[in-house]
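Enquirer: Now for the letters of each chain:
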Amino acid sequence: MKYALKRILWMIPTFIGIVTITFFLTKLRPDPVMQKMLNPDGIKDTSASQQYVDQLRHYYGYDKPLITQYFIMWKNILRMDFSTSRIDHRPVIDKIKEALPVTLWLNVITIFIVYLISIPLGIYSAINGDSRFDRGLTLFLYVLYSLPTFWVALILLKYFSGGDYLDIFPLTGLKSDYFDDLNWFQKFLDIVWHLFLPIVVSVYGSFAFLSRFVKNSFLEALKSDYIKTARAKGLTERRVIYVHAMKNSLIPIITMMAGLLPGLFGGSVIIESIFSLPGMGKLAYDSIYSNDETVIIAVVSFSALLTLFGILISDLTYAFVDPRINLDQEKTS
Amino acid sequence: MIKPDLSAKIAMSIIGFFLAVSIFATFLASPYPLVVFKNNSGLEIPAGPFFAAWSAKTKNQLDKINFRDLASKGKISAMFTLVPYSPYEQNLDEILFAPSLGRFGHYMGTDDVGRDIAARMIHGARNSMLVGMIAVVLSLVIGVIVGSLAGFYGGWVDLLISRFIEIMITFPRLILIMAVLVMLKPSLFNVMIVLGLTQWTGVARILRAEFLKRKNMEFVLASKAMGAGSFRQIFYHILPNSLSPIIVMTTFDVADVVLTESGLSFLGIGIQPPDASWGQVLNISQAYMDFAWWLIFFPGLFIFSVVVAYNLLGDYLRKYLNPKDR
Numbered sequence: 011m012k013y014a015l016k017r018i019l020w021m022i023p024t025f026i027g028i029v030t031i032t033f034f035l036t037k038l039r040p041d042p043v044m045q046k047m048l049n050p051d052g053i054k055d056t057s058a059s060q061q062y063v064d065q066l067r068h069y070y071g072y073d074k075p076l077i078t079q080y081f082i083m084w085k086n087i088l089r090m091d092f093s094t095s096r097i098d099h100r101p102v103i104d105k106i107k108e109a110l111p112v113t114l115w116l117n118v119i120t121i122f123i124v125y126l127i128s129i130p131l132g133i134y135s136a137i138n139g140d141s142r143f144d145r146g147l148t149l150f151l152y153v154l155y156s157l158p159t160f161w162v163a164l165i166l167l168k169y170f171s172g173g174d175y176l177d178i179f180p181l182t183g184l185k186s187d188y189f190d191d192l193n194w195f196q197k198f199l200d201i202v203w204h205l206f207l208p209i210v211v212s213v214y215g216s217f218a219f220l221s222r223f224v225k226n227s228f229l230e231a232l233k234s235d236y237i238k239t240a241r242a243k244g245l246t247e248r249r250v251i252y253v254h255a256m257k258n259s260l261i262p263i264i265t266m267m268a269g270l271l272p273g274l275f276g277g278s279v280i281i282e283s284i285f286s287l288p289g290m291g292k293l294a295y296d297s298i299y300s301n302d303e304t305v306i307i308a309v310v311s312f313s314a315l316l317t318l319f320g321i322l323i324s325d326l327t328y329a330f331v332d333p334r335i336n337l338d339q340e341k342t343s
Numbered sequence: 097m098i099k100p101d102l103s104a105k106i107a108m109s110i111i112g113f114f115l116a117v118s119i120f121a122t123f124l125a126s127p128y129p130l131v132v133f134k135n136n137s138g139l140e141i142p143a144g145p146f147f148a149a150w151s152a153k154t155k156n157q158l159d160k161i162n163f164r165d166l167a168s169k170g171k172i173s174a175m176f177t178l179v180p181y182s183p184y185e186q187n188l189d190e191i192l193f194a195p196s197l198g199r200f201g202h203y204m205g206t207d208d209v210g211r212d213i214a215a216r217m218i219h220g221a222r223n224s225m226l227v228g229m230i231a232v233v234l235s236l237v238i239g240v241i242v243g244s245l246a247g248f249y250g251g252w253v254d255l256l257i258s259r260f261i262e263i264m265i266t267f268p269r270l271i272l273i274m275a276v277l278v279m280l281k282p283s284l285f286n287v288m289i290v291l292g293l294t295q296w297t298g299v300a301r302i303l304r305a306e307f308l309k310r311k312n313m314e315f316v317l318a319s320k321a322m323g324a325g326s327f328r329q330i331f332y333h334i335l336p337n338s339l340s341p342i343i344v345m346t347t348f349d350v351a352d353v354v355l356t357e358s359g360l361s362f363l364g365i366g367i368q369p370p371d372a373s374w375g376q377v378l379n380i381s382q383a384y385m386d387f388a389w390w391l392i393f394f395p396g397l398f399i400f401s402v403v404v405a406y407n408l409l410g411d412y413l414r415k416y417l418n419p420k421d422r
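As you go down the protein sequences, you meet chains W and A in turn.
Here my numbering = 1-based position in the first sequence + 10.
Here my numbering = 1-based position in the second sequence + 96.
Calculated directly from the structure, the hints in this document are not laboratory data.
This list has only true hints and no planted wrong ones.
Heads up, simulated DSS-like pairs for lysine-lysine below, C-alpha to C-alpha not over 30 Å straight-line: (1) A:K281 x W:K37; (2) A:K415 x W:K238; (3) W:K74 x W:K85; (4) A:K309 x W:K257; (5) A:K415 x W:K233; (6) A:K309 x W:K16.
Each pair of labels, with its calculated beta carbon distance range: (7) W:W194 x A:A116: 58 to 64 Å; (8) W:R142 x A:Y249: 47 to 53 Å; (9) A:L293 x W:I82: 24 to 30 Å; (10) A:F327 x W:I323: 37 to 43 Å; (11) A:L293 x W:L192: 46 to 52 Å; (12) A:P336 x W:D235: 32 to 38 Å; (13) W:K185 x A:K309: 49 to 55 Å.
Keep in mind that this is a model prediction, so the values were computed, not measured.
Note that CB positions come from ideal geometry on N, CA and C, so glycine has one too.
Next up, chain W with everything else stripped away, as it sits in the complex (with noise of 0.2 Å):
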């Protein structure tokens, strides 16, 4: 309990450091209001006069100090209002409502049946020891997670979503334009329909770092000499691998999904729009585009916060499953 709490803690300074970061980074860059005054070449627009810049700008709160601007933006962020976009002046968090679930649905999909693979991969080569077979498959899993995910996903897209091929998958986007007149089970085939090609290009990439993870674990585990002991015992050796090797080797894999998790978030940002799928990723992208500040800041944090929960989830699982785990010593990591 304790060092949970201690866990919770320690992730305050990290979520103020990021939050500051992007705070920065936004009003490193000319306003949204100044920028909106600017033609494209950058050349003043003269139309718009002086006292309706500063009108906007003060409305803004562009013209208070930036120590200013920057307490009043954690006040917001504590509050939880984010205010609306700079850009269409809709309130962020409904914005934020409509993203999350999305790149949250394909993130939890994606561990799920990268899991789902990993494992049986990884325990089948640790047991196979080091056959042909194994170092065929470590070499396929590295030439899958090489494979660039932009590209695999354009050659998906052309060869099964229409064009002169096959017509298989929707091109983009995550709901047909009939989406409100299907019943509930029609919906969620629909959606599935749509995230198909998303959740392969997802996936893919991270079956070599897992599989790989999850034999190294499970030799260490059959090295142990609990493993002896079971075997000594008379136990089958099926009992031997899939009861009591398994149990102990898949601890040290729960935490592999933390260090999963900010690697598929920045992933999505370039899988959601190949695929125009509306999620963080795709809202980031955009909105850093526009310089549109409230909805980065948003979009920041709450990828951030998503993240250290992430994190700190798969630690407290680790302690409380493993108890020779020293709860007071800082990890090394």
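Fit chain A to the known structure of chain W by using the hints.
Expert: For chain A alone, coordinates are given in the frame of chain W:
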């Protein structure tokens, strides 16, 4: 010691190939001939091999001469480079040509403003390798300094640095890079710097752990007893003993940086035209996806081969340098 296995050999030859391509890019893809044998055109063309590559002074004059035209009309006889096009040269008569062989053919087709893709691939190789090298060297310098300070001194230095590393890891990296690049105006130089400044956490973490493990080992204590200062302990005793995980990490980092650079260029915030980049060709290909397969196939294949080569090399080095992991 284990001998390089087949995949490591393949990886090394791919990396060597692309390094050679990037070093000799000017001699592989250039609109100027390498050697002019006969000149009946009446134009003043400097003689001698490689003249085009060396004579930067006359470049403006040379640009006005279309050597390919002269050669195909038989006015001059010359030997051209492998790809007789410049990566920057636009030709609106040859938009989106499919790959064609033969003399002065576009071996990998052309893009939407008639630039030769093969030439852009060759010069893109140079940019990719350059970004990979410089960004990783930069991240290595930062990572080594930060990691060894944290691990060696411990205490509040370590606390501060560890927090900072955690911030960097938790921050969605691509979003951070995008925000910085959009602010700084994307360019080859800025991409290198920004990637280097965000890539160092892996090396720093590994080094920190290595220093924590080694700083109280006997060989370090012995050197300390003999009067070695912190600098000597760090750089002469602990660091050389922690090299192997860093080498492995660095190799994987190069793959990661090359991939990130092409991803950024693909999104349009990496290397900007007219500078050539593999990811940028893929970006163009999005608009002509249904027929222009050559715009998708070649850049993707090149990115993939470089990334897979560095990853396989990293995997081999890990086995080679760390006997426990074999």
